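*Asks:* Let the hints inform the model, and build the full structure from the sequences given.
Note that the working numbering numbers the sequence shown so that position 161 is 143, with each residue one more than the last.
For the record, the hints were derived by calculation from the structure and aren't laboratory data.
Since the structure is predicted, the reported quantities are computational estimates derived from the model, not experimental observations.
Hints are supplied without guarantee of correctness; some may be wrong.
[What the hints assert, rightly or not] With beta-carbon atoms standing in for the labels, derived distance ranges:
1) L36 with K81: 34 to 40 Å
2) P124 with K152: 40 to 46 Å
3) G142 with G117: 27 to 33 Å
4) A122 with K81: 47 to 53 Å
5) I156 with P124: 45 to 51 Å
6) F192 with N148: 32 to 38 Å
7) Y119 with L57: 19 to 25 Å
Beta carbons are placed, not taken as given, at the ideal position from N, Cα and C, and that holds for glycine.
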Amino acid sequence: MKKKETIFQLLTQKPWDPAQAKIDNMHDGETLNLSKGKLGLRYIMVVSSIFFSLFIITYSDRLVYADWQQMPEPLLLWFNTLILFISSAFFISAQTAAKNNQFAKVKQKLLIIGFLAFAFLLGQLFVWLQLINLGYYVAANPANAYFYVFTALHGLHLIGGLVYWNMTIKKVWITSDIVVVDAKHTVELCAIYWHFLLAVWVVLFGLMLFS
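*Replies:* This is the structure in structure tokens:
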């Protein structure tokens, strides 16, 4: 009789029901949970990828014309690229510390990441000033225009990342037993976006370097 009741319960389960999800999460296999934050981040990343892809396509089409004159790559541009790699590595370390509930370390690493982000943006501005002083103006050549557009768009995306970084800092700073899961989740989302910005910059920098 009990066996029949168990079979009946399995057949009548509603996995889409929140109450059923809570019951399922008590077992080893938890119900798949895509938060609004992850969905929103995926949407932003997809839209940004399409946006940058369109610019890359027009860039590839434009550089075959005779008036295209490649810009130099200042050494500072390589240094700025290294800064992004270092900040991404710090985020990996921050994620590990968050998983181990070592939020004192997470706070330190987030502060370092913020400092590196501002250093990158400042470095990009110095690159602009250096190129302008050498006579590489926006309107002087199509290659110049694309360089300034690419770096400006990437910089704006990084500024947007700093807004989310600020939200992450606030959540981690007031971490308690109540919001610890939320803090971990926010660190994870911020890290994913940071890695995405690194990947975008590597593609853009490589395209401008070898074209």
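*Asks:* Now tell me if each hint is right for this structure.
*Replies:* Comparing the hints with the structure gives:
{"no.": "1", "hint": "L36 with K81: 34 to 40 Å", "result": "37 Å, holds"}
{"no.": "2", "hint": "P124 with K152: 40 to 46 Å", "result": "43 Å, holds"}
{"no.": "3", "hint": "G142 with G117: 27 to 33 Å", "result": "32 Å, holds"}
{"no.": "4", "hint": "A122 with K81: 47 to 53 Å", "result": "50 Å, holds"}
{"no.": "5", "hint": "I156 with P124: 45 to 51 Å", "result": "49 Å, holds"}
{"no.": "6", "hint": "F192 with N148: 32 to 38 Å", "result": "36 Å, holds"}
{"no.": "7", "hint": "Y119 with L57: 19 to 25 Å", "result": "21 Å, holds"}
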